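Colleague: First to last, the sequence lines map onto chains A and B.
By my numbering, the letter at position 95 of the first sequence is numbered 96, and the numbering carries on one by one without gaps.
By my numbering, the letter at position 4 of the second sequence is numbered 342, and the numbering carries on one by one without gaps.
Do not take every clue at face value.
[Claimed, not checked] From chain B, some residues computed to sit far from chain A (all C-beta separations above 10 Å):
(1) Gln403
(2) Ala404
(3) Lys436
(4) Ala488
(5) Asp489
(6) Gly614
(7) Ser674
(8) Ala735
(9) Ser840
[Stated by the list, open to error] 30 Å max Cα-Cα, derived BS3-like pairs, lysine-lysine:
(10) B:Lys866 x A:Lys99
(11) B:Lys773 x A:Lys121
(12) A:Lys58 x B:Lys773
(13) B:Lys436 x B:Lys811
Just so you know, these hints were derived from the structure itself, not from any lab.
Since we're looking at a predicted model, the values are computed, not measured.
Here a beta-carbon is modelled for each residue, glycine too, at the ideal position from N, C-alpha and C.
Spelled out, the chains give:
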Amino acid sequence: MTTAAALSAGAAVDLPSVSYGQVKAGAAKPYGTDPDLQKVYRPGDLWSLTFDARQIKTAGALADVILPADDLGPAASTLGVVDMLDEWVSAPYDTQQKDRPVILDGLVWIDAESRKRFQKDFADLPESGKTAICDAICDPAKAVKEFRTAARFFSKFRALCAGAYYATPDGWKALGYVGNVALASFDGPPPEVLAQLGVEQTVV
Amino acid sequence: MPIITSSKTQPEYDVAIVGSGAGGGQMAFTLTLGGLKCVMLEAGRNYDPVTETPMFQTKAQGPLQASRTEDKPFGFYDATVDGGWQVPNEPYTQASDKPEEQFGWWRARMLGGRTNHWGRISLRNGPYDFKPKSRDGLGFDWPISYEDVADYYTKVEMLIGVYGTNTGRENTPSSPDGVLLPPPKGRASELVTQKYAKKVGVPVVPIHRAVLTKPLDCQNIPAKLHPGNAWAQKIVGDSMLQRAACFWATECGRGCSIRANYQSTTVHLPPALATGNLDIVPNAHVREITLGPDGKANGVLYIDKTTGQEARIKAKAVVLAASSGETVRILLNSKSNAFPDGLANRSGLVGKYLMDTIGTGVSGQVPLLENVPPHNEDGAGGSHFYAPWWLYGEQKAGRMDFPRGYHIEMGGSRGMPGGSNPLPDDLGRGAYGRKFKEEARRYYGSFVGYSCRGEMIPNEDCFCDLDPTVKDKWGIPVLRFHWKWADHELKQVQHAQRTFVSMIEAMGGTVRSRLESDPLKYIENGGKIIHEVGGALMGETAEKSVCNQWNQTWDVKNLFLCDGTPFPSNADKNPTLTIMALAWRAGDHILEQARQGNL
Numbered sequence: 002m003t004t005a006a007a008l009s010a011g012a013a014v015d016l017p018s019v020s021y022g023q024v025k026a027g028a029a030k031p032y033g034t035d036p037d038l039q040k041v042y043r044p045g046d047l048w049s050l051t052f053d054a055r056q057i058k059t060a061g062a063l064a065d066v067i068l069p070a071d072d073l074g075p076a077a078s079t080l081g082v083v084d085m086l087d088e089w090v091s092a093p094y095d096t097q098q099k100d101r102p103v104i105l106d107g108l109v110w111i112d113a114e115s116r117k118r119f120q121k122d123f124a125d126l127p128e129s130g131k132t133a134i135c136d137a138i139c140d141p142a143k144a145v146k147e148f149r150t151a152a153r154f155f156s157k158f159r160a161l162c163a164g165a166y167y168a169t170p171d172g173w174k175a176l177g178y179v180g181n182v183a184l185a186s187f188d189g190p191p192p193e194v195l196a197q198l199g200v201e202q203t204v205v
Numbered sequence: 339m340p341i342i343t344s345s346k347t348q349p350e351y352d353v354a355i356v357g358s359g360a361g362g363g364q365m366a367f368t369l370t371l372g373g374l375k376c377v378m379l380e381a382g383r384n385y386d387p388v389t390e391t392p393m394f395q396t397k398a399q400g401p402l403q404a405s406r407t408e409d410k411p412f413g414f415y416d417a418t419v420d421g422g423w424q425v426p427n428e429p430y431t432q433a434s435d436k437p438e439e440q441f442g443w444w445r446a447r448m449l450g451g452r453t454n455h456w457g458r459i460s461l462r463n464g465p466y467d468f469k470p471k472s473r474d475g476l477g478f479d480w481p482i483s484y485e486d487v488a489d490y491y492t493k494v495e496m497l498i499g500v501y502g503t504n505t506g507r508e509n510t511p512s513s514p515d516g517v518l519l520p521p522p523k524g525r526a527s528e529l530v531t532q533k534y535a536k537k538v539g540v541p542v543v544p545i546h547r548a549v550l551t552k553p554l555d556c557q558n559i560p561a562k563l564h565p566g567n568a569w570a571q572k573i574v575g576d577s578m579l580q581r582a583a584c585f586w587a588t589e590c591g592r593g594c595s596i597r598a599n600y601q602s603t604t605v606h607l608p609p610a611l612a613t614g615n616l617d618i619v620p621n622a623h624v625r626e627i628t629l630g631p632d633g634k635a636n637g638v639l640y641i642d643k644t645t646g647q648e649a650r651i652k653a654k655a656v657v658l659a660a661s662s663g664e665t666v667r668i669l670l671n672s673k674s675n676a677f678p679d680g681l682a683n684r685s686g687l688v689g690k691y692l693m694d695t696i697g698t699g700v701s702g703q704v705p706l707l708e709n710v711p712p713h714n715e716d717g718a719g720g721s722h723f724y725a726p727w728w729l730y731g732e733q734k735a736g737r738m739d740f741p742r743g744y745h746i747e748m749g750g751s752r753g754m755p756g757g758s759n760p761l762p763d764d765l766g767r768g769a770y771g772r773k774f775k776e777e778a779r780r781y782y783g784s785f786v787g788y789s790c791r792g793e794m795i796p797n798e799d800c801f802c803d804l805d806p807t808v809k810d811k812w813g814i815p816v817l818r819f820h821w822k823w824a825d826h827e828l829k830q831v832q833h834a835q836r837t838f839v840s841m842i843e844a845m846g847g848t849v850r851s852r853l854e855s856d857p858l859k860y861i862e863n864g865g866k867i868i869h870e871v872g873g874a875l876m877g878e879t880a881e882k883s884v885c886n887q888w889n890q891t892w893d894v895k896n897l898f899l900c901d902g903t904p905f906p907s908n909a910d911k912n913p914t915l916t917i918m919a920l921a922w923r924a925g926d927h928i929l930e931q932a933r934q935g936n937l
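Only chain B is shown next, with the shape it has when bound in the complex (with noise of 0.2 Å):
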């Protein structure tokens, strides 16, 4: 089966899965795989990797230097297509006008969705992570605990290919032996970092990343994923073949073309497709999810957006996998007399507790960078090494002024340049001419940043709900968002801008970024780490969650929410690869529901 429009869907599919992203590209492998009909209804438009991915344009041959311009926020040759803070036809409303109390929604309108540009950073969480509220009172607990993601988290990283090593740090967890690719080596600023923020205190260690930096082992693995079933290994064997190692150059942002990296449009759909038991339709803008008179979730509404018409899509099972803020939406917008709140949402919960990551950063010019020698430093097209977070133990012992933790990333290499100027004038200090081009070859490269990725806890003024007036073009009603900092964040920046300030320092260098004292001014806003989770949490009680411990609805057993929504705490790891490792442990659920008939 194959991409198609709404005019050639089946009468009926097993599963409806909404959303083609790490979550429903997963859900879509692992239930086609296990031999499911299943239709994936993407909003944005069809988009192939292989064709479409500017791999060596160089910035002079982009517009403006390929620089980022309202159309493409971050910068002319990032994978994203029809996205961005703001979607034509699609907006969003701020419950406040407060600068500090906005939330910016990233959308991609593509299919594969947010994963074609995402930063490829592949961290578990650790046991520490599911049981947050235990340890300090503070937010959730899951419902689960690591053991019980561990072996989806392992699966996961074997067929997306992950790099990194076992660093054995506390709540940092190993990956059996040989899971794992190689590392790449550490670059110039990577090393200089590694070195200097160690006298900090500051471990510096090879990050996870999903690119390949060797071939995925298409012998063994399928065998792994998919024990006792010649059929799917023969698949997903094949799809595994189709990948390259990273040749190391072009940065990952711009997609892969030779599918060296982790996107859903190279490595989930197309083993999906080739079972045969997908159909995909793309410009499919859901409206709602229908309910039939047994109280189980029979279909999808849309629209079609190549003719504006609504279309249906009948299922035995719907999941959705949209993102924290589509899934909230649609659930919202899907009323009924059982459900005159939304669907699934007798708690009230539907929309609550939306979170994303913590961020800021500080950046610094180091004078032992200057006048490196040239040499190549594009390496996998991303970080190479980050620092996890480290002071349990500080925490523990009462020392810390607030809860969980950041890990840090970094940049500094010697990049690709354009675009930008090189040499700010306070560094110039006049120069042009032969000088100008002396002091910007110097000081190319000394440059380094450091950013907190860090954990916030889920509050009560943190939510989006249906804005009461605005609609979209369709007519549909749009989400509306309420956001606030606590002082859990606002401490948690001050400690990140001390220590980036220390690591710069200590390296010999000078702090560049203006150090703002009140921390309402240098965390990011709400939504700009692009990691939002929540909305619909899991937990262990109908009254208190929305979902269960297998994505699925409390209200609505044939409904599953497999994307950030079921979040109930935001570790500071990046969620992608934990969404990955709960839909294909949802996943294996349904399949399970299917062969027992209860579907």
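Chain A extracted, bound-state conformation (with noise of 0.2 Å):
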């Protein structure tokens, strides 16, 4: 394979190893190794989804808040961002597999801890509360011993909802991405991005 597929999509870690294994077998089925790539496939089509209501709100809540609406793009729960988390907590493969306890169990997490400082649901609080709990376990390099286990959470919770959101093509307008559509020449980088790098287009 190529380095430009592995590190395509902007990749800013390395890529997880797939074992050479096989899928393990579970409740939800795998898609198989000849799915139809044609298919625009929606959370529930190839395997049912995990979330009650309260989870929907939860993880809206919590999304909303690592990616708002603003001028760079709409909030992440108008993207489709929890029904996107939903279906990755219900899938039946490994890395999947491992991911749900950790964002299960944290949705419930969060919701105590809001109800332990603040008498309501998360989804309930107002910004300031919201932000109250996410400073405390935004960074797991600094968040104290109590709060490791939620930074855990937070920092999986937070990649994860970052990878659907820009998966969208709202997300690629708000990251910067220009593409998948067909031009009729490929000119390279335009010359105030040759400027700004200080380089010149070896290629005439």
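Bring the two chains, given one by one in their own frames, into a single complex with the hints.
Modeller: Laid out in structure tokens, this is it:
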């Protein structure tokens, strides 16, 4: 395979190496080795989803704190991010099965923490309350001991939200991806980009 | 003739071809346009890139944002069908349980095989690459030289369409004027890499890839490929007309519905089918090659996977182009009184000297590439630049601690996002909300990665044989892999790691990969680069090799191995172009033998 393929999509970290093992038997059915690649899939099409109403509400509220509506793009919950998260934690594959308890336990924790501190579910807190909770767990490197598990949840939740958010055309715009359209020619980086980088186009 | 089931095959064919990828596709093309009646057996299902390729699907439209899973190890939209490191019902085993002695065997069960998803990197072997032992005393020389293959490289390049430039660099052959298609413009990260790699002595130049950057010259190329044969020219020209130039979107690994890149299924097989001389039987899992009383191969025994029944094909000659692993498996399972240790294996060398490409990589982050104004960098759906091996002089002067070399592949474009977090925690430092979105945007496009693709020396410890007990679903003994890196390879990845660190640092960047000190921890496992070659080497004598210079087995005159199996060495150059050039050359030899009545 090519490096370009391995490093596609702005993958910022080393990709996890997939084991040589086969799919484990589980409740949900894997899509198999010959799925229809043309079809547009919606969460729930391939395996049943997990989240109940409360989990949807909590996950949506937290996703919108992490990726809110602003001039860069819409709020996460309006782009189907919660459904994509639900699809993720419900999937039969190893990576997703490992993430599942982290997310599900984390959603329980954040509501419990919210009630403990503010006597309300997380989704019902004002921004200041949400921020107060998130500030304690948003940086796994700095979280105090009692919040370390919660910080690991927040880190995973944020990564999964971002993976989903930036998979959408609105997310592309927010990130600065331009492409996936047929072009008559490929002209390389425009002059202002070359100037900023201090390089010249070497292919004429 | 068409794609058929096992019940519709003809009583006898001139040639049976096992495998439909680069080698099998090229062989079918050459032989059918030369007038021979051929049948092609493919272990996987029929596959049509024109109707099946997900060209513009966004990652949000696929399950799990099209992330890689055990079912689709290169991501949901990778073209591979029924393939991967494991294939259902077709296990293989490892001789060792040590992690560094594993061999991962990638297979694809689909028409066109691995050509559907490959990287399309198409580099010629150079003159040194055919005579490596003469240069450093290691491994084996080929029984042919670059000059024997040069014209076939040119023909393949004209047929499949390869972009790139002639750089004039040592042991990096030029194509004749007008053969290569124009190289695409450099992307931001590629141009920055080029500028700063130069400061540490690494030359970054346009790569060669099998993607049409403009339409093929269907007026003139067919006459060059098939001089004096108007019928063949018409068929090849018509097929070329079906191929559009790249429209600079979607990754090549998905396949290409407009046929802008090379896949056997869009380039080799359509004209071969148009001759009327080719039958293709998909779902045909080959058990063995059958031997006639005259000591010649007379056909193929296979399992029709759709029925589970055994079926036979009769043919006057047999071409194995099933991949190194599968070809070895079939030969070793083709036992007879004449060949108790497997067909064409009197030398005992079938399965020996298995090779892969040496791989390792380092990734980094480059502040210079932060906050770059958004612009389209999809490009040709793969790399535009690479660094060919550049230290021949140092090696000659005895200043290197390993033989042979590696080329550098690079990644780092502003590719289609989704399925992964664009802002790692250590850079985000707890960011969420508006801050997260700003930081993600800032860093997007600033990550780079460099990969070593290097030459290993064939060794006694890397081979495959039949597992004594394990069988596949149809009761056929499966392969067992033996693998051990030698010091040469470990020294090479150490050099590559140092080089990549120095490149990233020259760009003012920070290394992001965890740098292990033990090279066994960061050399990719055998098979991981999916360049498996060797297993039935070509050579000068029947005692010391399995094939002669025509990919023809010494022991069975009408049996040809036209995948990577005959490679006596595995240059850093990706093997596919050489597999095709040698298949065309062997095909011409078969046509000549047929003309002389020797089939």
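Colleague: Against the structure, test the hints numbered earlier, and report the numbers of the ones violated in rising order.
Modeller: 1, 2
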